[in-house]
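Chemist: Here's the letter readout for the chains.
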Amino acid sequence: MKLYEYEGKILFRKVGIETPKAKLVPPIENLPSGKLVVKAQILEGGRGKRGLVKVTENPVETIKEMEAKYGIESFLVEEFIPHEREYYLSCLIDRDTQEPMFAIGKGGINVEEEGGIITKVVPTERGVKFFDAIEVSKLISAKPSSIYSVLKGLYDLVVDYGAELAEINPLAITNEKAIALDSKVIIEDNSLIRVGDTLKSLGIHVSKPSAYVELDGDVGIIGNGAGLTMATMDMVKLAGGSPADFLDVGGGADRTHVRESMLTVLRNPKVKKVIANIYGGITRCDEVAYGIVDALKEVNKPVFIRLSGTNEEEGERILRNNGVKVYKNVMEMVGDAIRS
Amino acid sequence: MDKNTRVLVQGITGREGSFHTKLMKSYGTKIVAGTSPGKGGSSVNEVPVYDTVKEAMKEHEIDASIIFVPASNAADAIIEAADSEIKLIVVITEHIPVVETLRAIKYAKSNSSTVIGPNSPGLIAPAETMLGIMPSMAFSKGKIGIISRSGTLTYEVAEIVKSVGQSLVVGIGGDPIIGTSILEMAKMMDDDPSTEEIIVIGEIGGTMEERLASSISKGEVKKKVIAYMAGMTAPREKRMGHAGAVVYMGMGTFESKINAFKRAGVKVAKTPYEIKSLL
Numbered sequence: 001m002k003l004y005e006y007e008g009k010i011l012f013r014k015v016g017i018e019t020p021k022a023k024l025v026p027p028i029e030n031l032p033s034g035k036l037v038v039k040a041q042i043l044e045g046g047r048g049k050r051g052l053v054k055v056t057e058n059p060v061e062t063i064k065e066m067e068a069k070y071g072i073e074s075f076l077v078e079e080f081i082p083h084e085r086e087y088y089l090s091c092l093i094d095r096d097t098q099e100p101m102f103a104i105g106k107g108g109i110n111v112e113e114e115g116g117i118i119t120k121v122v123p124t125e126r127g128v129k130f131f132d133a134i135e136v137s138k139l140i141s142a143k144p145s146s147i148y149s150v151l152k153g154l155y156d157l158v159v160d161y162g163a164e165l166a167e168i169n170p171l172a173i174t175n176e177k178a179i180a181l182d183s184k185v186i187i188e189d190n191s192l193i194r195v196g197d198t199l200k201s202l203g204i205h206v207s208k209p210s211a212y213v214e215l216d217g218d219v220g221i222i223g224n225g226a227g228l229t230m231a232t233m234d235m236v237k238l239a240g241g242s243p244a245d246f247l248d249v250g251g252g253a254d255r256t257h258v259r260e261s262m263l264t265v266l267r268n269p270k271v272k273k274v275i276a277n278i279y280g281g282i283t284r285c286d287e288v289a290y291g292i293v294d295a296l297k298e299v300n301k302p303v304f305i306r307l308s309g310t311n312e313e314e315g316e317r318i319l320r321n322n323g324v325k326v327y328k329n330v331m332e333m334v335g336d337a338i339r340s
Numbered sequence: 001m002d003k004n005t006r007v008l009v010q011g012i013t014g015r016e017g018s019f020h021t022k023l024m025k026s027y028g029t030k031i032v033a034g035t036s037p038g039k040g041g042s043s044v045n046e047v048p049v050y051d052t053v054k055e056a057m058k059e060h061e062i063d064a065s066i067i068f069v070p071a072s073n074a075a076d077a078i079i080e081a082a083d084s085e086i087k088l089i090v091v092i093t094e095h096i097p098v099v100e101t102l103r104a105i106k107y108a109k110s111n112s113s114t115v116i117g118p119n120s121p122g123l124i125a126p127a128e129t130m131l132g133i134m135p136s137m138a139f140s141k142g143k144i145g146i147i148s149r150s151g152t153l154t155y156e157v158a159e160i161v162k163s164v165g166q167s168l169v170v171g172i173g174g175d176p177i178i179g180t181s182i183l184e185m186a187k188m189m190d191d192d193p194s195t196e197e198i199i200v201i202g203e204i205g206g207t208m209e210e211r212l213a214s215s216i217s218k219g220e221v222k223k224k225v226i227a228y229m230a231g232m233t234a235p236r237e238k239r240m241g242h243a244g245a246v247v248y249m250g251m252g253t254f255e256s257k258i259n260a261f262k263r264a265g266v267k268v269a270k271t272p273y274e275i276k277s278l279l
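Sequences listed follow chains A and B, in order. Going by UniProt numbering, the letters in the first sequence line up with residues 1 to 340, in that order. Going by UniProt numbering, the letters in the second sequence line up with residues 1 to 279, in that order.
These are calculated hints, taken from the structure and not from any lab test. Some hints here could point you the wrong way.
[Unchecked claim] Keeping only pairs whose Cα atoms sit at most 27 Å apart, straight-line, the calculated DSS-like set for lysine-lysine is: (1) Lys106/B x Lys129/A; (2) Lys262/B x Lys208/A; (3) Lys262/B x Lys237/A.
[Said to hold, decoys possible] Residues from chain B shown here face chain A by an in silico Cβ test under 7 Å; the list is partial: (4) Pro70; (5) Ser72; (6) Leu153; (7) Ile177; (8) Gly206; (9) Pro272.
These numbers were taken from a predicted model, which means no experiment stands behind them. Where is the CB? At the ideal position from N, CA and C, for every residue including glycine.
Let's have the full structure, built from the sequences with the hints guiding it.
Modeler: See below:
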C-alpha cells in the first residue's frame, strides 16, 4: 500500500527523520509566506517531470493552476530549504541476504537509471549502530549524528511499521542537518494486520490491497493464480495484442467474485474484448462459468474463455448453453481473440 | 521425501487444513498427527490432534510439517516446528508479514530445518507423497523436476509434461522472502538420481533466477534446465498478484532473467505451452 508524500512524512517525523515545515491543502488558509514549494499529492511518481512540484512565492495561485489544469485536489505546501547537496537514501528488505538493506546514491529524478547506488545490509539481530552512520556520512558528507537519525528512522519503518520500501529522494544536506524533502513509503500489504490500526491513528489512509492492475491496451485479462494470469498477459502481447489489465481472481473464487471480477474488466471503457484463462484446482469451473454468464448479462463484450480442471465439463456446458465458446487450448484462444 | 515420510499438519482443524488433510491422505501421504491450540485430544479425518508440536512429537515420529495456520500466527508456527527440530517445514499460508517471515526462516535455518514457502502450493513426489494443495490429477511419476514460484502455473506446466511425468514438483512460493530458493532446490534436484531434467518457472521480481543462471554457467548445476518466465508485460513498480512479483530499483526485471538464462545456455520457453518441445 503506497502512502501519499504527506503520509510518509507523518511517519518520518514519528521515527525522528526531519522534514520541512509544511501544511496540507485544503484548507487553503494560513499559508506561510516567502519562498515555498507546492507539491501535488498523488500516488504516481514522476511529479517533477510533469510540473506537479513548483517553487513559488504565491502558493494560492500555483494551487489554483494545478487544480484547473490537472484536476488535483490535495497539495502539500512546504518551506523552501536551501541546501548544498542532495542524495537518494532508502531502506528495503533485500531478498538475497533476507535482511534489511540501505541503498545510498546521488539524488535526483533519474536516480534509478543513473545507477551508482551503494548498498549496505544491516541484519535485524543488531539493528542500526552509530558506526553505520559514520560510514554512510563519509559517502554523504554530513554530520554522523544527523545521518544516524535518518538511517535509524528508515530502518524502524521497515522493521516496526512493515514498510517494504522507505525512500527519501532527495535527502537535502545543509551545513547542520539532513532533511527529507520527499517521501516514498510503501507499506507491505501483509503487514497491515499488524500496523493498520497504528497507521489509522496517525491519520494515514488504509486501503484494501487490490489484485487489479490497469495497463494501456485493449484486451481484458483475467486468470486464476498470479503466474497463470501474467503468462496469459504475456501470450497476448506475443500474439500481437495489447493487454488492458492484470486481474487474478485468486484461489477458490466463487460465482459472485467471478462476476464482480469480470465486470471490473468489462466496464473498463478501453477494453474491447476479454480473455479469461482458468485452470481449476480449488477453483471450480462451474462457479466460474456462472459468474461469467452473470456478468455478460450486464455488460456484453466479446469473451474468450479457457476452462480446464475441477468440474470442467459442467463449466463448459453452462457456457455453451449461454452461447459462449469454450476453449481447451490456450494458444488457440489467444489467437482467436487477437484476430477477432 | 517418499511414501514413508511422516507428516504433521499444523492448523489441522481449520477449513483449509482439514480439507487438504483429507486430500493428502487419499493421495497416500502418511499424516500421523495434527496440531490446533485448544483442540488437543480431538481428531480430524482420524488424525489425532494436539495442542502443541511438542506434544505431538512425544507420541509420534515426525519427519515433516505442513502449515495451514492463518497468517497472523503462521510465523510462530514455523518457529514452533523448528523448535521441535522437524527437518522439513512446508508453509502453505499466504499473507504473512515479511519481517515475521524473515525472522522465522532465520530461526528455522539456525535449527537446521528446511522451509518451503510461505505462500507455497507445497510439493509432490508423484505416486509417493504430496505435502500440499496441488490437484493430483495434473501429475504422474516420471523423470522431470519442476521448481516454480507460482501455483496454478505449476499445475498447468505439470499437466503439459504429464505424459513424460515428474520426479518431484516444488512450489517454492510467491513471497519476497522464502525458505528455499530456486537455486537451492535446483542443486537438490541436480543431486537426485530420480530427476533427469529440471523445469524452472520463474517470474519478475528478485534475483533468484539470475543466481541459478550464474550457477549453471559455473557448472554447479549440471542437469539440463529449461526455463519459463512470467511477467514480460508487467509494468515497473506494480505488484502482479504475488507479493514478490514486483520490480524495485531495476532489480529482477523480465529482461535480466531471460538474458541471464540465455547467457548460461538455458533454453527459455516463450509460453508455458512451448516447454514440452524443449525437453
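Chemist: Evaluate each hint against the coordinates.
Modeler: Cross-check of the supplied hints:
Of the supplied pair hints, the one linking lysine 106/B and lysine 129/A holds, its CA atoms being roughly 21 Å apart against a limit of 27 Å. Of the supplied pair hints, the one linking lysine 262/B and lysine 208/A is violated, its CA atoms being roughly 39 Å apart against a limit of 27 Å. Of the pairs offered as hints, the one joining lysine 262/B and lysine 237/A holds, with about 21 Å between alpha carbons and a cut-off of 27 Å not exceeded. Using the Cβ-Cβ criterion of 7 Å, the hint placing proline 70/B at the interface with chain A is not satisfied: the shortest such distance is roughly 9 Å.
Annotation: interface hint on serine 72/B holds; nearest CB of chain A at approximately 6 Å, less than 7 Å. Restraint check, leucine 153/B versus chain A: the minimum CB separation of about 3 Å is within 7 Å; hint holds. The interface hint given for isoleucine 177/B is met, as the beta carbon of that residue sits about 5 Å from the closest beta carbon of chain A, less than 7 Å. Contact between glycine 206/B and chain A, as hinted, is supported at the beta carbon level, the nearest pair being about 5 Å apart and thus within 7 Å.
For proline 272/B, the interface hint holds, the least distance from its beta-carbon to any beta-carbon of chain A being 6 Å, beneath 7 Å.
Comparing the model with each earlier hint shows violations of hints 2, 4; every other hint is respected.
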